[in-house]
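Here is how the chains run, residue by residue.
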Amino acid sequence: EAGVTQFPSHSVIEKGQTVTLRCDPISGHDNLYWYRRVMGKEIKFLLHFVKESKQDESGMPNNRFLAERTGGTYSTLKVQPAELEDSGVYFCASSQDPTGHLSPLHFGNGTRLTVT
Amino acid sequence: GQSLEQPSEVTAVEGAIVQINCTYQTSGFYGLSWYQQHDGGAPTFLSYNALDGLEETGRFSSFLSRSDSYGYLLLQELQMKDSASYFCAVSVSGGSYIPTFGRGTSLIVHP
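Protein chains in written order, with the working numbering: chain H, 145 to 260; chain F, 1105 to 1215.
It should be emphasised that the hints constitute simulated quantities derived from the structure, not laboratory data.
Be careful, since some hints might not be right.
What the hints assert, rightly or not - What follows is a list of derived Cβ distance ranges for each label pair:
1. H:D241 <-> F:S1171: 22 to 28 Å
2. H:F151 <-> F:D1143: 18 to 24 Å
3. H:R208 <-> F:Q1123: 24 to 30 Å
4. H:K188 <-> F:S1197: 17 to 23 Å
5. H:Y218 <-> F:D1143: 23 to 29 Å
6. F:E1181 <-> H:P225: 47 to 53 Å
7. H:E229 <-> F:T1130: 25 to 31 Å
8. F:H1214 <-> H:P225: 28 to 34 Å
9. H:Q240 <-> F:P1111: 29 to 35 Å
10. F:E1181 <-> H:G160: 47 to 53 Å
11. H:S153 <-> F:S1169: 37 to 43 Å
12. H:G215 <-> F:H1214: 46 to 52 Å
13. H:Q224 <-> F:E1181: 47 to 53 Å
14. H:M183 <-> F:S1171: 31 to 37 Å
Glycine included, each C-beta is placed from N, C-alpha and C at the ideal position.
Chain H on its own, in the form it takes in the complex:
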């Protein structure tokens, strides 16, 4: 089966610009998660979708971040306008189990975002 794919793999933008990250989960996985890792720190949870519904968006840092999952398939994460502190690696993950605790998360390779 195809794994979780993320696009682009790298993005370099200037402060104030907009960037949209895309994630295609494993087919059939209803659960989709966004995480972010800033260099040297933890992999920090951003939000969780079940199908097209946002179950938990407690980790979203502020309203400059907007995540969508129309149709319950792929998801996008838009940052507008980007700030320097948004730099980091954005990971998407998917899982099959509705509660997530019985099946592991399958991660994509991440999008490395650099805001200059």
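For this one, chain H is given, so just place chain F on it according to the hints.
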């Protein structure tokens, strides 16, 4: 909230055994997971403990003590390809069991 502590870096030689510790503070603890990440790659699931004791999967084993809020990942017969970052992650009940990750331990294996 949850907090996890793990060493930032561990070094070892090929063929050796290494243990990466993880201590956590949380309420509603449900389980502890371990993930491996090679540079530039995706974190990959290694193991999961919900009950006390040792879980073995090939060269890798993971241990949990719920009473001590402590777990570890044991890697045996180390190989160069084991050089990577290793993350422990705690899941709590009462929500969606979303894993909260630690800062990761960079394992460097020397020849």
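How the hints compare with the structure:
1. H:D241 <-> F:S1171: 22 to 28 Å: Given about 27 Å between the Cβ atoms, the range holds.
2. H:F151 <-> F:D1143: 18 to 24 Å: 20 Å, holds
3. H:R208 <-> F:Q1123: 24 to 30 Å: The hint (24 to 30 Å, Cβ to Cβ) is violated, given that R208 (chain H) and Q1123 (chain F) are roughly 41 Å apart.
4. H:K188 <-> F:S1197: 17 to 23 Å: 21 Å, holds
5. H:Y218 <-> F:D1143: 23 to 29 Å: 26 Å, holds
6. F:E1181 <-> H:P225: 47 to 53 Å: Cβ of E1181 (chain F) to Cβ of P225 (chain H): about 50 Å, so the range 47 to 53 Å holds.
7. H:E229 <-> F:T1130: 25 to 31 Å: Given range 25 to 31 Å: holds, Cβ gap about 26 Å.
8. F:H1214 <-> H:P225: 28 to 34 Å: 45 Å Cβ-Cβ, so the 28 to 34 Å window is violated.
9. H:Q240 <-> F:P1111: 29 to 35 Å: 32 Å, holds
10. F:E1181 <-> H:G160: 47 to 53 Å: 51 Å, holds
11. H:S153 <-> F:S1169: 37 to 43 Å: 39 Å, holds
12. H:G215 <-> F:H1214: 46 to 52 Å: Check passed, 49 Å falls within 46 to 52 Å.
13. H:Q224 <-> F:E1181: 47 to 53 Å: Given about 49 Å between the Cβ atoms, the range holds.
14. H:M183 <-> F:S1171: 31 to 37 Å: 35 Å Cβ-Cβ, so the 31 to 37 Å window holds.
In this structure, the hints that do not hold are numbers 3 and 8, in rising order.
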